[in-house]
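Student: Kindly generate the complete structure, drawing on both the sequences and the hints.
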Amino acid sequence: MPDRFISRGFVGKPRPADQAGRLPPGQYLTDGFPVLSAGPTPHISLDRWTFTLEGLVKNKVTWTWAEFLKLPAQRFVVDISCVTKWTKLDTQWEGISVDTLLKQVDLDPKAQFVVAFSHEGYTTNLPLSEVVNGQAFVAYRYDGQPLPPEHGGPARLVVPHLYFWKSAKWVAGLRFVERDQPGFWVSAGYHDHGDPWKEERYSSR
Amino acid sequence: MKPSLDWQIATVRAVRSETPKVKTFTLSLPAWTPHRAGQHYDVRLTAPDGYQTQRSYSIASEPERTGEIDLTIERIETGEVSPYFHDVIVPGDQVEVRGPIGGYFVWQASRPEPLLLVAGGSGVVPLMSMLRHRAAARATGPARLLYSSRTLEDIIYYGELSALQDGQASLGVYHTLTRAQPAAWKGYTRRIDQPMLAEVVRPLGRSAQAYVCGPTLLVESAADALVRLGLNRAQIRTERFGPTNLAQGG
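Just so you know, the sequences run in chain order A and B. Per this note's numbering, the first sequence starts with residue 1, numbered consecutively. Per this note's numbering, the second sequence starts with residue 1, numbered consecutively.
It cannot be assumed that every hint is accurate.
Beta-carbon label-pair distances, calculated as ranges [what the hints assert, rightly or not]:
no., chain 1, residue 1, chain 2, residue 2, range
1, A, Pro148, B, Asp193, 19 to 27 Å
2, B, Val90, A, Asp47, 56 to 64 Å
3, B, Thr78, A, Asp195, 26 to 34 Å
4, B, Ala234, A, Lys198, 30 to 38 Å
5, B, Glu68, A, Gly144, 48 to 56 Å
Just so you know, the hints here were simulated from the structure itself, not pulled from any lab data. In this text, all values refer to a predicted model and were calculated from it rather than measured experimentally. Note that beta-carbon positions come from the ideal geometry of N, C-alpha and C, so glycine has one too.
Tutor: Structure below.
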């Protein structure tokens with residue numbers, strides 16, 4: 001490697017000390033909540049909304065909205081990072097931990113991966129080991145309010161330790177599978193895993 | 001060697017003012033690869049203390065232009081990277097970039113469907129790459145651009161868009177000015193809404209492929225209106241920028 005390239009005349013904005021160590025490489029902090037999605041925002045009515053666990057489970061389970069709200073909810077305060085470079089600290093969510101959901105099914109030991117699928121057809125792929133043990137939840141409230149449609153409402157998956165495209169909006173369920181299956185953005189050139197701290201942004205083509 | 005998304009050091013060959021807030025930077029790339037219209041490059045700035053930050057900027061130029069790309073960048077007053085480009089960068093400077101990136105918000109001139117482009121503000125940039133690509137490939141399928149700006153002087157590529165339209169019977173360019181209009185203005189004078197979209201999209205028919213790019217609220221309302229006008233969700237590709245709590249940029 002040659003000496004590191006320096007951008008002539010660039011110093012950058014002041015970096016507050018209390019945020020040190022919380023900003024993954026190449027990211028910048030935002031106070032807003034940018035909206036990223038590939039198509040029109042679906043407006044899903046609550047009486048049609050369902051959430052399903054399927055695939056390598058003994059019995060497929062489907063909840064209606066009313067049933068889902070009866071599951072034990074938790075509050076989550078997490079930092080989130082989008083591959084488009086923004087990071088937002090201390091976002092506040094309310095929803096159901098994937099651990100809680102998994103208590104409702106008998107998982108086949110062959111299950112190694114999860115496909116989160118959305119009401120409008122989006123899919124994203126994740127290793128099973130990265131959605132358990134408190135690492136992921138299905139959120140239906142953000143900042144004390146019902147989650148708005150443009151941010152994935154009625155409910156979205158949130159996997160805060162990975163780039164936010166893994167946190168499927170308008171999530172309709174989780175499918176448990178044996179082998180990894182590329183999700184929507186992986187098929188479009190993005191990284192299969194997506195760890196912001198390792199800058200796993202894009203697949204090497 | 002297999003093409004990869006490695007960082008490379010581009011040289012700024014030209015800087016051109018498009019509007020009071022928008023400049024185009026022409027970058028020569030040592031490892032240029034052809035992009036697809038609609039894709040972007042990542043830019044990485046490094047300070048002497050090692051601090052780095054990155055942003056993504058849409059490619060404005062057509063893939064038929066080899067060896068270099070145009071990035072058209074709006075100056076965001078509170079930003080960190082766009083003010084650097086506007087205030088510091090001059091021809092001859094070097095910038096670290098990698099790309100092209102993005103596999104969904106892209107269009108190729110071989111696509112047979114009529115093309116509908118809807119832009120707000122600097123959201124026109126990736127759509128301009130599509131129109132330049134369309135012209136370079138001599139595509140003749142019907143295409144229409146509906147473009148919302150605040151004032152006449154905020155319209156990016158105004159002259160080139162007029163010339164493209166004059167040179168191609170199959171292309172229609174429709175402007176709307178949301179804040180102020182010159183005396184003899186013949187275009188629209190309001191934010192993009194469903195009746196406006198209906199007028200622009202109707203001659204393209206139900207099979208149009210739509211690309212919508214701009215501030216979040218504009219994209220949300222335009223994409224919703226296109227769904228109500230009968231386009232399938234799969235026919236509408238969107239790219240949004242800006243936080244949701246800001247008013248529509250127009």
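Student: None of the hints should be skipped; say for each whether it holds.
Tutor: Status of the hints after comparison with the structure:
1. Pro148(A) <-> Asp193(B): 19 to 27 Å: holds (21 Å)
2. Val90(B) <-> Asp47(A): 56 to 64 Å: The hinted range 56 to 64 Å holds for Val90(B) and Asp47(A), with Cβ atoms some 60 Å apart.
3. Thr78(B) <-> Asp195(A): 26 to 34 Å: At roughly 29 Å between Cβ atoms, Asp195(A) and Thr78(B) fall inside 26 to 34 Å, so the hint holds.
4. Ala234(B) <-> Lys198(A): 30 to 38 Å: Given a distance of about 33 Å, which is inside 30 to 38 Å, the answer is holds.
5. Glu68(B) <-> Gly144(A): 48 to 56 Å: The hinted range 48 to 56 Å holds for Glu68(B) and Gly144(A), with Cβ atoms some 49 Å apart.
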